[in-house]
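Participant: Chain by chain, the residues:
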Amino acid sequence: MAEVRLTGLRKSFGDVEVIKGVDIDIQDGEFVVFVGPSGCGKSTLLRMIAGLEDITSGTLEIDGQVVNEVQPKDRGIAMVFQTYAIFPHMTVRENVGFGLTIAGVPKADKDAKVIEAARILQMEHLLDRRPSQLSGGQRQRVAIGRAIVRDPTVFLFDEPLSNLDAALRMDMRMEIGKLHNQLGATMVYVTHDQVEAMTLADKIVVLEDGQVRQIGTPMELYHHPANLFVAGFIGSPSMNFLDVDVGETHNDTATVSNPSLDPIEVKPTDPVTPGVKAKLGIRPQYLTPSSDPTKGKLHGTIELTERLGTETIVEVKLGDGTKVIAALSEDAIFDIGTEVSLTFDPDKAHLFGVPQAGSAAIQTESGG
Amino acid sequence: MARSRLTESNAAGWGFALPAFALVATFIILPFFFAFAFSLTNQRLISPNPTEYVGFQNYRNLLGLGLLRIAPVRDDAGEIVRDANGAPKYPRVRTFTRNNPDYPQYQGMREWFGWRSGDDRVVVLARDVIFMKALVNTLIFVAVVAPVQGGLALVLALLINQKLRGINVFRTIYFMPVVVSIVVVSLLWRFIYDGNDGLLNNIIGALTFGLFEPRDWLGDPGTALGAIIAMSIWQAVGFHMVIWLSGLQTIPPTLYEVARIEGANAWQTFRYVTWPGLRNTAILVLIVITMQAFAIFAQIDVMTNGGPLDSTQTLVFQAVERGYGKQDISGGSVISVILFLIVLSISLLQRWLTRERH
Numbered sequence: 001m002a003e004v005r006l007t008g009l010r011k012s013f014g015d016v017e018v019i020k021g022v023d024i025d026i027q028d029g030e031f032v033v034f035v036g037p038s039g040c041g042k043s044t045l046l047r048m049i050a051g052l053e054d055i056t057s058g059t060l061e062i063d064g065q066v067v068n069e070v071q072p073k074d075r076g077i078a079m080v081f082q083t084y085a086i087f088p089h090m091t092v093r094e095n096v097g098f099g100l101t102i103a104g105v106p107k108a109d110k111d112a113k114v115i116e117a118a119r120i121l122q123m124e125h126l127l128d129r130r131p132s133q134l135s136g137g138q139r140q141r142v143a144i145g146r147a148i149v150r151d152p153t154v155f156l157f158d159e160p161l162s163n164l165d166a167a168l169r170m171d172m173r174m175e176i177g178k179l180h181n182q183l184g185a186t187m188v189y190v191t192h193d194q195v196e197a198m199t200l201a202d203k204i205v206v207l208e209d210g211q212v213r214q215i216g217t218p219m220e221l222y223h224h225p226a227n228l229f230v231a232g233f234i235g236s237p238s239m240n241f242l243d244v245d246v247g248e249t250h251n252d253t254a255t256v257s258n259p260s261l262d263p264i265e266v267k268p269t270d271p272v273t274p275g276v277k278a279k280l281g282i283r284p285q286y287l288t289p290s291s292d293p294t295k296g297k298l299h300g301t302i303e304l305t306e307r308l309g310t311e312t313i314v315e316v317k318l319g320d321g322t323k324v325i326a327a328l329s330e331d332a333i334f335d336i337g338t339e340v341s342l343t344f345d346p347d348k349a350h351l352f353g354v355p356q357a358g359s360a361a362i363q364t365e366s367g368g
Numbered sequence: 001m002a003r004s005r006l007t008e009s010n011a012a013g014w015g016f017a018l019p020a021f022a023l024v025a026t027f028i029i030l031p032f033f034f035a036f037a038f039s040l041t042n043q044r045l046i047s048p049n050p051t052e053y054v055g056f057q058n059y060r061n062l063l064g065l066g067l068l069r070i071a072p073v074r075d076d077a078g079e080i081v082r083d084a085n086g087a088p089k090y091p092r093v094r095t096f097t098r099n100n101p102d103y104p105q106y107q108g109m110r111e112w113f114g115w116r117s118g119d120d121r122v123v124v125l126a127r128d129v130i131f132m133k134a135l136v137n138t139l140i141f142v143a144v145v146a147p148v149q150g151g152l153a154l155v156l157a158l159l160i161n162q163k164l165r166g167i168n169v170f171r172t173i174y175f176m177p178v179v180v181s182i183v184v185v186s187l188l189w190r191f192i193y194d195g196n197d198g199l200l201n202n203i204i205g206a207l208t209f210g211l212f213e214p215r216d217w218l219g220d221p222g223t224a225l226g227a228i229i230a231m232s233i234w235q236a237v238g239f240h241m242v243i244w245l246s247g248l249q250t251i252p253p254t255l256y257e258v259a260r261i262e263g264a265n266a267w268q269t270f271r272y273v274t275w276p277g278l279r280n281t282a283i284l285v286l287i288v289i290t291m292q293a294f295a296i297f298a299q300i301d302v303m304t305n306g307g308p309l310d311s312t313q314t315l316v317f318q319a320v321e322r323g324y325g326k327q328d329i330s331g332g333s334v335i336s337v338i339l340f341l342i343v344l345s346i347s348l349l350q351r352w353l354t355r356e357r358h
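Order-wise, the sequence lines are chains A and B.
At position 306 of the first sequence (counting the first as 1) the number is 306 in the working numbering, and the numbers step up by one without a gap.
At position 101 of the second sequence (counting the first as 1) the number is 101 in the working numbering, and the numbers step up by one without a gap.
Take the hints with a grain of salt, since some may be wrong.
Said to hold, decoys possible - When the alpha-carbon atoms are kept at most 30 angstroms apart in a straight line, the in silico DSBU-like pairs for lysine-lysine are as follows:
#1 B:Lys-163 with A:Lys-20
#2 A:Lys-277 with A:Lys-323
#3 B:Lys-163 with A:Lys-73
#4 A:Lys-323 with A:Lys-297
#5 A:Lys-277 with A:Lys-178
#6 A:Lys-348 with A:Lys-323
What the hints contain is simulated information worked out from the structure, not anything from laboratory work.
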């Protein structure tokens, strides 16, 4: 068991900097998920922890030891890859016991450890099969088994479920969650799937463009996104953003409006000044059809409905052409083309500043 | 791509395939069957006499072997007659193989090799000694070239398969001999092996400070075949290196990363990751080298013509020599057919040995 500490970690490939100074503290036994869009550097960061990529600058500590220059095998880590990376010419037993074979562990000890890992993963009956005779989920289980027999202090998962189909992915997700409870080991998990991040993590690290955008528990990220990127990335369907004009501002509130939205008072996440443009974020789940004129009100026409059973996703086109998504729990029937009025609680809306002059990244660094 | 009537028409497809098919049939398939047919006749290249069917006589003439035990010559007292060095005297082999009514089965055979067994001398007779020498030389050539060339090519491929600056230069250098015609290469190596002022003699002479006695590498029956083997390995090693290289690049990099995380050393990585990943490539390389090695001809033709003392005779060289040199088409055909059967059975054996085991 160990904590992992990343301090000012940077990585460059030639002239291209892909990790731009990352600080993360991972507590002993914590399940931390790195999440972000493709190319944000989350896999590179994981591979730096594993020792598969060297560290350009900054320090990486595992269990209080600086391990920047330590060989992967001596870091006490085990890694599970997206492509399983199990050996096609070996049986499951040989694959799971591979690390022990390499280390020259006596056969009796090795067999015992392999069987123990197989028992934890409920795959004792698969031990004598070859990978070609296994399903994708079973293969990934073998890879996890190989990680378990190493008895690592830190488990590293690099998008382990991305190659599985949807149903299997959910099963394996639950199993990995259970495994974490069972082993109590520190786990670092990389994914681009925010559902995996939300369900598995004790702590989520949202990465964008080689930088940490926010670190927090799943619920913190969901209810209090620190910036526009996190707000848009976490939550499904993703948050609606309305372009609004900032009117008056008070101590910690601002009045915002736009042509399709009557002025409402909200608490800004980013500091805003009167007269600037801003983005108002509202989660689809917090939009409800209503005619109560005292709350923020949006009018529009239904363009699309998707009935998912537990909820109905409705796409509404507002007067100014903006489209918003509402996730409605009611069983009410909404027909395409009908007019609808949506309300929301201003307390649950988020106000974000808009980067001036367009392209610059949002300057709201946040730790967690 | 737009579909036209031309690409959809079956007849057009056959039409396009026809020229290639006709050429392949004329120059490969037909001669293959002709060889079988001619091997059962006494066909000559140009002859006034009609061709006759002779059955397997040609095969018997090539493959006929005999074992002869010769007792030493004894004087009237029954004592073994010895020469000045004390070695026993034996009757000459030809007394048994030339018009000897007691040994009709050895008629026309020649001594291939022999050894002493007690007082007696045992002689292996062959109906066609040159063919037997060619067969043995070819087998030696294959037995040395296949593992050495394959292994060396793998070592080169492993060295080349690294991300280093300028690695392409090495790739090019190793591959260069493959691109050059084997005839040109053979000519160059004749100069290298030259007995008077050859590069090899000079280099070894310089390395040993003149202690080394220069020798005629291709003119000495003891070194000629070895010299040709060395040069042949060097010439085609680059080709097989490229095949190994393509095999190496199909191994997923994550498997190497797993090996790194598990702490495998270089040998363990090769043993558990690289080599199993190269299985199919290994089979291909082995079969290709074996077949190419059995077909050795150009080096012999350019460098030694089978000599000295038939020490570099090979099957293909003999097939060509007989078929065209001596205008004995049936003789050449028999050797071709035998070579085909040998290569076929070795390839089948290799496939069986390297089969997927479950």
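Participant: Compare the structure with each hint and give your call.
Facilitator: The hints, checked one at a time:
no. : hint                     : in the structure
1   : B:Lys-163 with A:Lys-20  : holds, 25 angstroms
2   : A:Lys-277 with A:Lys-323 : holds, 18 angstroms
3   : B:Lys-163 with A:Lys-73  : holds, 23 angstroms
4   : A:Lys-323 with A:Lys-297 : holds, 14 angstroms
5   : A:Lys-277 with A:Lys-178 : violated, 46 angstroms
6   : A:Lys-348 with A:Lys-323 : holds, 19 angstroms
In this structure, the one hint that does not hold is number 5.
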